[in-house]
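Following the hints, position chain B against chain A.
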Amino acid sequence: MKKTLLVSLAAGASVFILCQSLAAIPAFARKHGFNCNMCHTAYPKLNDFGQRFRDNGYQIPGQSGREKTVFESSIPLAVRTTAGHSLDKSKPGTTAGFGLYGLDLLAAGVLHKNISFLFVYTPRIDEPAADYRGQENGTNPAQTAAIESASLVFSNLIGEKLNLRIGRFEPDYHLFSSKRPYYIMQPYEIYAFAPGGNPFVFADNQIGIEASGRFKPGLKYGLGLINGTGGVPDNNTGKDVYITLSKTFGKGDGQTAGQRLGIFGYFGRQPTDLTDTVVGATGETNGRDNKSFYRVGGNLSLNWKMVNLQVLVLKGSDDKAFNAIDPSRDYSFWGGFVQFDWAALANNRLVASLLYNWLEPPDYDRPNRVTGFSALLRYYLGSWTAVNIAVHAEYTHRTLGVDNPLKDDVFTLLLDFDF
Amino acid sequence: MKGKKWMMFLPIGLLLVGWGVSLAGGDEKPPPITQVNAQLLGPQRLGPLPPVVTPPNNPQSSAKILLGKQLYFDTRLSKDSTISCATCHNPALGWSDEGPTSKGIAGQMGGRRAPPVSNAAYSPLQFWDGRSPSLEDQAKGPIQNPIEMGNTHQAMIRTVADIPGYVEEFKRVFGEGPITVQQVADAIAAFERTVVTTDSRFDRYARGDHDALTRLEKQGLEIFNGKGHCTACHWGPYFSDGRFHNLGVPARDPKNPDQGRYAVTKNPRDMGAFKTPTVRDASLRAPYLHDGSEKTLESLIDFYDRGGGNDANLDPLMVPLGLTRLEKKALVAFIKALVSLNPEVAAIQPVPESELPK
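Protein chains in written order, with this note's numbering: chain A, 10 to 428; chain B, 271 to 628.
Just chain A, with the same shape it has in the complex:
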């Protein structure tokens, strides 16, 4: 039983790992004639300008209605993909091979003064290894098809104090984006962790509405009302809410300059019973027996020259009804990550990073305990307008479980390019 659980968790984790989508939007660079480092410390990680550009509804920070709309500019489409070789050495065996580790099709732009959109589609990639002996019909796709983002942004409704994002989007509680990390193979474990029967995954983009804005000096907020089921249709009448606050000391937004401190809280309810719950003529469902859960945490981003240290700690607790291991107790866990990034060479052509992930489930769920050390080097072959190519080398040593742990060593060398 324990072994089955371990295998299924590992499989789940690897699907997530392979499915995590990575966003960078060369359509904007093409429109403005900028090169990628205008918005990215080194793509895909946003710098302060890029963060403000995103916050301002994909308009130049501090300005709105004074640039081309999608109807006047070049076609607002972009593609990002990662292809390369990965070697995974783990206890059961070694797998190695060339693979396509992600493909994003992006469209984004300004529709009208202070109205913009982002659309990201990740097509399904069926690419089972030659020696795959599992189920047929591509049940282990390297990437599942999804509309990862489809959102409208209404900016500057009350100056920069109020912006609305509606649709499916990356919520503001991801102060360290799960969609724009340097790491391609290794996610933030605490973002990816989804214990028991709770469908909520912290890393997921969510469907709903979010208000966000900034107050001088350096104070930002985000407030959202969402389904909490990722891209899956809603399954209950209740909505999840979240709030996030951050304060940046000094100039900048804490991405590449300034020292940022943030807190967040997510409070949700999800059904524990989905059987026989059709409530609408066209098959709408509403789950029953909604039970609550929460995620709270804090984060810190420290900058010095081109060094950035990111720390995130998250504590989660799910109602005991979600707890398949011990239904008499709420399932509480905590974890986080520490990431150290350094950008070097002219125009940040080289990025080096170290990442430590940890996930501490309750004592009675020791097989889910995770620790992971990762390191990467990225070298950008060019920093041209709207085209970017990076050679990406990544290594992760990951330990899952405590007694008889599953140890993984993953080496990956790939090309990451977008245009």
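Rather than coming from a laboratory, the hints here were simulated on the basis of the structure.
Be aware that a few hints might be false.
Claimed, not checked - Below, in silico cross-link-like pairs of lysine to aspartate or glutamate (EDC-like), each with a Cα-Cα straight-line distance of 20 Å or less:
#: 1; chain 1: B; residue 1: Lys565; chain 2: B; residue 2: Asp575
#: 2; chain 1: B; residue 1: Lys599; chain 2: B; residue 2: Asp575
#: 3; chain 1: A; residue 1: Lys170; chain 2: B; residue 2: Asp581
#: 4; chain 1: A; residue 1: Lys314; chain 2: B; residue 2: Glu368
#: 5; chain 1: A; residue 1: Lys248; chain 2: A; residue 2: Asp298
#: 6; chain 1: A; residue 1: Lys260; chain 2: B; residue 2: Asp575
#: 7; chain 1: B; residue 1: Lys628; chain 2: B; residue 2: Glu438
#: 8; chain 1: A; residue 1: Lys256; chain 2: B; residue 2: Asp581
#: 9; chain 1: A; residue 1: Lys260; chain 2: B; residue 2: Asp572
#: 10; chain 1: A; residue 1: Lys314; chain 2: B; residue 2: Asp575
#: 11; chain 1: A; residue 1: Lys329; chain 2: A; residue 2: Asp282
#: 12; chain 1: A; residue 1: Lys225; chain 2: B; residue 2: Asp581
#: 13; chain 1: B; residue 1: Lys599; chain 2: B; residue 2: Asp572
#: 14; chain 1: B; residue 1: Lys565; chain 2: B; residue 2: Glu368
#: 15; chain 1: A; residue 1: Lys314; chain 2: B; residue 2: Asp572
#: 16; chain 1: B; residue 1: Lys606; chain 2: B; residue 2: Asp572
#: 17; chain 1: A; residue 1: Lys260; chain 2: B; residue 2: Asp581
#: 18; chain 1: B; residue 1: Lys488; chain 2: B; residue 2: Glu568
What the hints assert, rightly or not - What follows is a list of derived Cβ distance ranges for each label pair:
#: 19; chain 1: A; residue 1: Ala353; chain 2: B; residue 2: Ser351; range: 56 to 62 Å
#: 20; chain 1: A; residue 1: Leu86; chain 2: B; residue 2: His423; range: 54 to 60 Å
#: 21; chain 1: A; residue 1: Tyr388; chain 2: B; residue 2: Ala582; range: 40 to 46 Å
#: 22; chain 1: B; residue 1: Val437; chain 2: A; residue 2: Glu81; range: 46 to 52 Å
#: 23; chain 1: A; residue 1: Val320; chain 2: B; residue 2: Ala362; range: 55 to 61 Å
We put the beta carbon where it would ideally sit given N, CA and C, even for glycine.
The following block gives chain B in isolation, referenced to the frame of chain A:
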């Protein structure tokens, strides 16, 4: 169920509110794409300058350009015949002056640095605060500014009209009739429209000569358009967005700070904001910023690298950049590659007093 219906209407309501608020007060239609107002359409690619657009009501002619040149270098337009346009907009000093701010009539010091005349034809608005919509309008201003040329338009016209050589030339250019301030301004603007620097090593590189820039200069270009965030404001062929930004330049007199664009618009967001100057030929005209407070290109880049100064109204484009010493060096090298190689502009010499109309 009731709750669900309410939820359905919430986003629709918010959408409507969003549209309403965002459209409120704004019948603003996007302007048509023309060379004249290209700046209004947001960031453009860096590249060679297009031909200058001449306003229909002030067509160019060689006679008008010559007349404008003579007026530009003629100190008799000022009250005490000591100051000409060229005193502060000196071709030998990058069409600006030594600074840090400009010296006007009777040794009076202005509060701002002289903006360059070169390529001013591409600027949608003139003066650091953009109070003037055209070169023609701008040319009238300094003549009657008490600190600059200290004259009145009437007195200046009387002076010009008393010089037979000018009378003859105005007649040739504008036809019969009394000389007017508008004609003086039109002639000066016509001359200024010839001071365009369309050829630099950068322009040659942009036109396809890949050897026109050194490796360091190319690196500088990459940083200029990337990590340095320079093109966030200094974009397009003119290397300027023609807009106004508060860089947090410390006020010389904190009790009476220069209001910049706010003095024109009365919009609080414009407090302390000044027009983005072109970077073309910038290396020829130190010191920098609207008050000439940064003495060298190096110190100017250091200023930007720190994210500008401190001001409650600091432009959100200003963030610390984290530039390395090499990156700063590359930026300076690139900016120096923007120096004009146009022989016709280099050949523009001050008109000697002896050659001015008598």
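So, going through the hints one by one against the coordinates:
1. Pair hint lysine 565/B plus aspartate 575/B holds up; C-alpha atoms about 15 Å apart against a cutoff of 20 Å.
2. The straight-line distance between the Cα atoms of lysine 599/B and aspartate 575/B is roughly 13 Å, inside the 20 Å bound, and the hint therefore holds.
3. Our distance criterion of 20 Å between C-alpha atoms is met by lysine 170/A and aspartate 581/B, whose separation comes to about 19 Å.
4. A threshold of 20 Å between alpha carbons decides the hint, and for lysine 314/A with glutamate 368/B the separation of about 34 Å lies outside it, so the pair is violated.
5. Taking the CA atoms of lysine 248/A and aspartate 298/A, the gap is near 14 Å; set against the 20 Å cutoff, the hint holds.
6. For the given pair, lysine 260/A sits about 11 Å from aspartate 575/B by alpha-carbon distance, which is consistent with the 20 Å threshold.
7. Restraint check for lysine 628/B and glutamate 438/B: the C-alpha separation of about 10 Å stays at or below 20 Å, so the hint holds.
8. Restraint check: the Cα-Cα separation between lysine 256/A and aspartate 581/B comes to about 18 Å, which is no more than 20 Å; the hinted pair holds.
9. Taken as a hint, the lysine 260/A and aspartate 572/B pair is honoured in the structure, with Cα atoms around 15 Å apart against an allowance of 20 Å.
10. Annotation: proposed proximity of lysine 314/A to aspartate 575/B holds, straight-line Cα distance about 10 Å (limit 20 Å).
11. Distance hint between lysine 329/A and aspartate 282/A is fulfilled; the C-alpha atoms sit about 14 Å from each other, no more than 20 Å.
12. The suggested pairing of lysine 225/A with aspartate 581/B holds, with an alpha-carbon distance near 11 Å, which does not exceed 20 Å.
13. Under the criterion of a C-alpha separation no larger than 20 Å, the hint pairing lysine 599/B with aspartate 572/B is consistent with the structure, at around 11 Å.
14. At roughly 10 Å between alpha-carbon atoms, lysine 565/B and glutamate 368/B fall within 20 Å of each other, so this suggested pair holds.
15. Between lysine 314/A and aspartate 572/B, the direct Cα distance comes to roughly 13 Å. Compliance with the 20 Å bound is thereby established for this hinted pair.
16. Only pairs whose Cα atoms come within 20 Å are accepted, and lysine 606/B paired with aspartate 572/B is accepted, the gap being roughly 17 Å.
17. At roughly 11 Å between alpha-carbon atoms, lysine 260/A and aspartate 581/B fall within 20 Å of each other, so this suggested pair holds.
18. The suggested pairing of lysine 488/B with glutamate 568/B holds, with an alpha-carbon distance near 18 Å, which does not exceed 20 Å.
19. For the pair alanine 353/A and serine 351/B, the supplied restraint of 56 to 62 Å holds, since their beta-carbon distance comes to about 59 Å.
20. The hint said 54 to 60 Å for the Cβ distance between leucine 86/A and histidine 423/B, and at roughly 56 Å that hint holds.
21. Taking the beta carbon of each, tyrosine 388/A and alanine 582/B are about 41 Å apart, inside 40 to 46 Å as hinted.
22. Checked against the given bound of 46 to 52 Å, the beta carbons of valine 437/B and glutamate 81/A, roughly 50 Å apart, stay inside it.
23. A beta carbon spacing of about 56 Å between valine 320/A and alanine 362/B agrees with the range 55 to 61 Å that was offered as a hint.
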